[in-house]
Amino acid sequence: MNFKNANIKNFIFDFGNVLYEANHKRMISGLASISQNKIIETLTPLELMHDSDYDKFERGEITRTEFLSNIKRKFGISASDEEIIKVWNSCLVGAYDYSLNAIKEFKKLGKLALLSNTDEIHCEYFSRQCADLFNLFDYLYFSHIIHKRKPDLDIYEYAVKHSNFLAEETLFIDDLEANIEAAKKVGMRTYHIQKGNTILDLLKLF
Numbered sequence: 001m002n003f004k005n006a007n008i009k010n011f012i013f014d015f016g017n018v019l020y021e022a023n024h025k026r027m028i029s030g031l032a033s034i035s036q037n038k039i040i041e042t043l044t045p046l047e048l049m050h051d052s053d054y055d056k057f058e059r060g061e062i063t064r065t066e067f068l069s070n071i072k073r074k075f076g077i078s079a080s081d082e083e084i085i086k087v088w089n090s091c092l093v094g095a096y097d098y099s100l101n102a103i104k105e106f107k108k109l110g111k112l113a114l115l116s117n118t119d120e121i122h123c124e125y126f127s128r129q130c131a132d133l134f135n136l137f138d139y140l141y142f143s144h145i146i147h148k149r150k151p152d153l154d155i156y157e158y159a160v161k162h163s164n165f166l167a168e169e170t171l172f173i174d175d176l177e178a179n180i181e182a183a184k185k186v187g188m189r190t191y192h193i194q195k196g197n198t199i200l201d202l203l204k205l206f
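This note's numbering numbers the first residue of the sequence shown as 1 and each following residue consecutively.
To be clear, the hints were calculated from the coordinates, so they are not data collected in a lab. Don't take each hint at face value.
Claimed, not checked - Simulated restraints on C-beta separations:
id, residue 1, residue 2, range
1, Glu61, His162, 17 to 25 Å
2, Asn2, Ser69, 44 to 52 Å
3, Lys184, Gly76, 35 to 43 Å
Claimed, not checked - Pairs of lysine-lysine residues, derived as BS3-like cross-links and limited to a Cα-Cα distance of at most 27 Å, are as follows:
id, residue 1, residue 2
4, Lys111, Lys185
5, Lys25, Lys74
6, Lys108, Lys9
7, Lys104, Lys204
8, Lys108, Lys204
9, Lys72, Lys25
10, Lys107, Lys195
11, Lys185, Lys195
12, Lys161, Lys9
13, Lys72, Lys86
14, Lys185, Lys56
15, Lys107, Lys184
16, Lys4, Lys185
17, Lys184, Lys9
18, Lys107, Lys161
Bear in mind that the values here come from a model prediction, so they are computed numbers and not experimental data. Where is the CB? At the ideal position from N, CA and C, for every residue including glycine.
Start from the sequences and build out the full structure, keeping to the hints where you can.
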C-alpha cells in the first residue's frame, strides 16, 4: 500500500486508539467495583459500546443526568455522580506521545478532520488534555454534538459535506473494522489502525 500518488488531499482521523489511548476494560472493572450487579464484569468493551444508554449518550440523545441515572439503575450503583464520572473517565489513558508531532506532519499533506464517537463526559475530560492537538485540526466532529455515530453512514456523509471534502480525495483512519468498512461505502480511501501499526506507519506511505 502506498499513498504517494493517490491524490489524497484530506484526512479524517478517529480519536480513541488512533491518537489517544483508551482502555475500556479499565472502565468496566471500575464500574464492576461499585456495582451490585456483577453482570457488568462479563461485559466486553464492544458489548458496552452497543449498550442502548451508551449509544444514546454518545449521540447526545440523553443528558448527562439521564445517563448517570440510567447507569445507576441498570447496574445497581449507589455511588455519587462524581464517583461514577471518575470511573467513567478511567478508560482515558492519554494521547500517544507521537500524536502531536505526527499530526503536524499530516497537516503539511492536506486538510484535517477529527471524527470521534464520544460522549459529553469523556469529551470534557480529554479536551482539556488535548487542546494543542485539537488546534491542529481544521474540523472537529464529536458524535454527541452532531447527533450521529459511527458506523452509521450519515456521520461520514456529514463529515465530508461539512468539511467541503470530496470523498474520493479523503483518507479515513480508524481502529475498528466496522467503521473502516462504512467509510469505504461512502467512497473514502481508508487505513485501518491495528495492533502493531500506528499513524507513524501511515506517514511512511506518503
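Here's how the hints hold up against the structure:
no., hint, verdict
1, Glu61 - His162: 17 to 25 Å, "holds, 20 Å"
2, Asn2 - Ser69: 44 to 52 Å, "holds, 51 Å"
3, Lys184 - Gly76: 35 to 43 Å, "holds, 41 Å"
4, Lys111 - Lys185, "holds, 21 Å"
5, Lys25 - Lys74, "holds, 18 Å"
6, Lys108 - Lys9, "holds, 10 Å"
7, Lys104 - Lys204, "holds, 14 Å"
8, Lys108 - Lys204, "holds, 14 Å"
9, Lys72 - Lys25, "holds, 19 Å"
10, Lys107 - Lys195, "holds, 24 Å"
11, Lys185 - Lys195, "holds, 24 Å"
12, Lys161 - Lys9, "holds, 15 Å"
13, Lys72 - Lys86, "holds, 14 Å"
14, Lys185 - Lys56, "holds, 24 Å"
15, Lys107 - Lys184, "holds, 22 Å"
16, Lys4 - Lys185, "holds, 23 Å"
17, Lys184 - Lys9, "holds, 16 Å"
18, Lys107 - Lys161, "holds, 20 Å"
Violated hints are absent here; each numbered hint is respected by the structure.
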